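Student: What follows is the residue order along each chain.
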Amino acid sequence: MAESHTPHPDLPPPVSTIGVPGWLRRNLFSSPLNIALTILAAYLLYIAIPPLLRWVFWDAHWRGDSRADCPADGGACWVFIRVHFEQFMYGFYPDEQRWRVKTALAVLILSAAPLFIRSVPGKIKMRLGLGLLAVYPVIAFVLFKGGVLGLPAVDTSKWGGLLLTLVIAGVGMTAALPLGVLLALGRRSQLPAIQTLCVTFIEFWRGVPLITVLFMSSVMLPLFLPAGVSFDKLLRALIGITLFQAAYMAEVVRGGLQAIPKGQIEAAAALGLGYWKTMGLIVLPQALKLVIPGIVNTFIALFKDTSLVLIIGLFDLMNIVHNATTNPDWLGFSTEGYVFTATVYWLFCFSMSRYSQSLEKRLHTGHKR
Amino acid sequence: MTEPISTPVKPPIWNNPQVRAIMFQIIALVATVTFGLYIFQNTQANLRQLGIASGFDFLSSHSGFGIVQSLIPYSESSSYGRVFWVALLNTLLVSVLGVLFATLIGFIVGIARLSKNWLISRLALVYIEAFRNIPLLLQIFFWYFAVLRAMPAPRQSFSLGEAAFLNIRGLYLPAPQFQPGFGGVLAAFGIAVVLVIFLSRWAHQRQMATGQQFPTLRAALALLLGLPLLIFWLAGSPLTWQYPELQGFNFRGGWVVIPEMASLLLAITLYTAAFIAEIVRAGIQAVSHGQTEASFSLGINSSKTLRLIILPQALRVIIPPLTNQYLNLTKNSSLAAAIGYPDLVSAFAGTVLNQTGQAIECIAITMAVYLTISLLISLLMNLYNRQVALVER
Amino acid sequence: MNPFKTLTAAATVLLLTATGVAQAGAALNAIKERGFIKCGVSDGLPGFSYADEKGNYNGIDVDVCRAVAAAVFGDATKVKFTPLTAKERLTALQSGEIDVLSRNTTWTSSRDSAQGMNFTGITYYDGQGFLVNKKLGVKNAKGLDGATVCVQAGTTTELNLSDYFRANKMKYTPISYDKSDESAKSLEAGRCDVLTSDQSQLYAQRIKLAKPDDYIVLPDVISKEPLGPVVRHGDDDWYDIVKWTLFVMVNAEELGITSKNVEEMKKSTNPDVKRLLGVEGDKGKDFGLANDWMAVVIKQVGNYGEIFERNVGKGSPLKIERGLNALWNQGGLQYAPPMR
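Protein chains in written order, with the working numbering: chain V, 252 to 620; chain L, -4 to 388; chain F, 318 to 657.
For the record, the hints were derived by calculation from the structure and aren't laboratory data. Since the structure is predicted, the reported quantities are computational estimates derived from the model, not experimental observations. By construction, the Cβ of each residue, glycine as well, lies at the ideal position given by its N, Cα and C atoms. Warning: the hint list may mix true and false statements.
Derived DSS-like pairs: lysine-lysine, alpha-carbon spacing no greater than 25 Å straight-line [as the list claims (entries may be wrong)]:
hint : chain 1 : residue 1 : chain 2 : residue 2
1    : F       : LYS371    : V       : LYS396
2    : F       : LYS591    : F       : LYS616
3    : F       : LYS456    : F       : LYS486
4    : L       : LYS5      : V       : LYS528
5    : F       : LYS541    : V       : LYS409
6    : F       : LYS636    : F       : LYS541
Residues from chain F that face chain V, not an exhaustive set, calculated with beta carbons under 8 Å [to be verified]:
hint : residue
7    : LYS371
8    : ALA393
9    : LYS397
10   : GLN411
Here are some chain L residues the structure puts well away from chain F; computed CB gaps all over 10 Å [to be verified]:
hint : residue
11   : TRP113
12   : LEU181
13   : PRO233
14   : TYR238
15   : LEU348
One chain only, chain V, in its complex shape:
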């Protein structure tokens, strides 16, 4: 009898690990638990996304300029935003003066653009950055406030909307960083009195809620000053926000200072550098670079915190939108208002955090784990 060799039947081909099916298998259906989770998540998305898209886009009302153009049929009324858009951007800033705000914005974008171009050498960037920091606030202030150079004065109580939000955030950022650096240096100081003062200051501001600070600065401050002395409400809110954020900034910077090895300071001392030179030329440049993500996070927090000025009656972006939703002619569009405001804030905060991440990667000169 002749036994013929029968080959073992072919094994099935190995599970594909490339292409779409492979990707799906690896990332979505790798285990029973994962399959269940994927199905659950997909189901939730299926429930949530289509109605959302319908509300935002397909059923929404875009055209028109009055309430009548928004029948209540389950779609968003973007007409509400379009009609109020200018107001949301500038607040009560007079119509015929708005070119000043636009000019200031254009100046900022044009002059700051080189900072974001990688091929520009660092030294030029540094000089430009510092110069901008010193000069731009003056330009912006003159343009916004007016009263000189033939520009009619626009009172700060007329500033509003996104303009005001950006002014508060911008001033807060530029003022809080240097103050925070000083406080951090003070906290790390060898001098007990200075150290105690700084620690007390930092812990006090970090311990109290911002809205009590704003309340104090907006309605109580004149009680602490000599009778008759008072200054602009916006300025007072700015001071409150700056001091508050400076305390947080100080803690971030302190983290950086602690990470600098003592040898650096000793080497500087051996070279005969005094305290300020040691700090300014040796320690701070290294420390600040280390904590850039922390600094940007503080900026993001500050940007979001600007919305609290609503509580003291300044018409920032959020308050002006909130105000518009209570306009008797446009009642019932709170959701649209909040969604719009949220989008604006989100765009700013998200791009700042992305920028910080890319900066962090670029500046990472050391060994990455």
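Chains L and F: place on chain V using the hints.
Tutor: The following block gives chains L and F in isolation, referenced to the frame of chain V:
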């Protein structure tokens, strides 16, 4: 010719570092004290000139207004001091619940962010990026004025088996009514807790000595639930429920979660959880991958690896920033004022301040309370941090 | 250079400034130097003070401040308005953040005494009422037992509310908001059954609702709410000016002087009119103001009746009757001392 030996010139006294240090400090102190005195004098002079009452006597006078939610008995004839306690407890309530929920959600999302499941980790990312980049106040408004406003009127409430009701006035839950004999159940629970502590010690020792494991968790659960339930049954169910009922305008009876609290809690929980999730993710990623591999090579499965190997090590990195989030959450609860939840800032630094006109005293008390809470949380978390910190040998 | 000397000098300067503050100038001088009046108004109450889309304020409370500015500076536009919530207003006045608070504030004994304020008069006699949805079927306040009530935090309204319900042995749940807008929104959404406030405010709130006709103001008035402008203790000159600006407007209505006919009335033979318009006597010097300041107030802002009708009365969407706020010789309570 010899060079003239130059004797080193003694530097002038103000260039001596020590003298400088002392001078610097004296200047700072004098400036601070002077500034403080200046403020104090101005305030005194202003108050005197305006004839505004000062001092803390107002705390014992009648308040005369109602508060929507109080954890301790309160009526219009209570004192302003009582209002302070009611408001403080409301702040603490929302903070404690917020911390619990935010931690829970934050850990889940943080772990989900690292999930191998692409969809889950993307969803977690979207959640984190959406919630932490939008101002909290806006989120509170959104929940309160846009979402919770869609709830039905009391007469059209959603009802859960006629026991719990959800409407625009809040979530109404049946309230437990403790009958005599319920003390026994509580006592049984206490005994069970003590027993569990002993049991876990014994199990731990046995495992150390013999390597045998004991199902501690299951046994503990059985004890904690079983013993009180047994006593509850023996004592003849000394607990009744008071169901909310629609009477006139509103539901009466039962427990109610008011929408002001619900939206505040929802907003601060979801907001803080987004930050906690990022902290948890960073903490877990800070644990070297070798730990996971070592654990797998010992045959420990992935959920146990996470629970017993990764998380304990990650906690060291997580705790300090987590403390900051807890502090922020507590302070952020003060945004309650924007939607009328009677917390410390809203009811005490707002209403009481206005009814009495004693702004300085009310704000000072409020700030002192927040400072104390902040310092207490830091203290507790520092203690805990010391426990989990790496013991260097 | 001796560092100790510098230090001592610096400390002395600081200490000197610290001690020399109590004698600062009076409120009126500060206002005159500054060139405008800082006036605290409501954060949005049609008819009383309401900022339009351009941020221009109008309303009865706003006009009072304009009148004071006209009196002091001869120009009714020299006012800076600060919108304040009910909670902030008293502190803002106490601290000097504003010079005059014209924000439907009720005159009470404790505000006049312990809280360091002076009420300058009554621009509006009001009383607390209730605004409810018609669907509720409530005909009067006694039917509100068990209701959820929206109220503005930090007002006398909040206190009266609790007194009223306690006195009538009724139960209620208070929801206190900082801003009146939020109370109105909540009433509309059904978060509360009833909104309580001064009746005038209820009318103002009602026109801000999407469907004003679905809501009624109950007939009950549960309190006296005399509303008027307030100034700080301590500067009698300033107090007198605000007080008499109000009286001038009431007297002008009584004498039939309006913003339209003020120039013709200067030719009047009535000695009262002549004195008021500064044609005769020196009523300006008494107050340290220009002699025709009263005429300027009337010309630029109007008499009391004009302000009332324009903002809350027939000429406005609120359509509130004069009622208690009619002149004393027409059955109301508005009565001003004579100009002599």
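Student: Now tell me, hint by hint, if it's right for this structure.
Tutor: Hints, one by one, checked against the model:
1. For the proposed pair LYS371(F) and LYS396(V), the alpha carbon gap of about 17 Å is at most 25 Å, so the pair holds.
2. Between LYS591(F) and LYS616(F), the direct Cα distance comes to roughly 15 Å. Compliance with the 25 Å bound is thereby established for this hinted pair.
3. A hinted pair counts as satisfied when its Cα atoms are at most 25 Å apart, and LYS456(F) with LYS486(F) qualifies at roughly 18 Å.
4. Of the supplied pair hints, the one linking LYS5(L) and LYS528(V) holds, its CA atoms being roughly 23 Å apart against a limit of 25 Å.
5. Between the alpha carbons of LYS541(F) and LYS409(V) the distance comes to roughly 37 Å, so the proposed pair goes past 25 Å and is violated.
6. A threshold of 25 Å between alpha carbons decides the hint, and for LYS636(F) with LYS541(F) the separation of about 21 Å falls inside it, so the pair holds.
7. Given hint, LYS371(F) at the interface with chain V, holds; its Cβ is 6 Å from that chain's nearest Cβ, closer than 8 Å.
8. Checking ALA393(F) against chain V by beta carbon gives a least distance of about 17 Å; that is not within 8 Å, so the hint is violated.
9. Against a cut-off of 8 Å between C-beta atoms, the interface hint on LYS397(F) holds, since the closest Cβ of chain V lies about 7 Å away.
10. Look at GLN411(F): its Cβ gets to within about 7 Å of chain V, closer than 8 Å, so that hint holds up.
11. No beta-carbon of chain F is positioned within 10 Å of the beta-carbon of TRP113(L); the least distance is around 41 Å.
12. Non-interface call for LEU181(L) relative to chain F: holds, since the shortest CB-CB distance, roughly 31 Å, exceeds 10 Å.
13. The claim that PRO233(L) lies off the interface holds: its Cβ sits roughly 29 Å from the closest Cβ of chain F, which is beyond the 10 Å cut-off.
14. At roughly 17 Å from the closest C-beta of chain F, the C-beta of TYR238(L) stays outside 10 Å, upholding its exclusion from the interface.
15. Look at LEU348(L): its CB is around 7 Å from the nearest CB on chain F, not clear of 10 Å, so calling it non-interface is violated.
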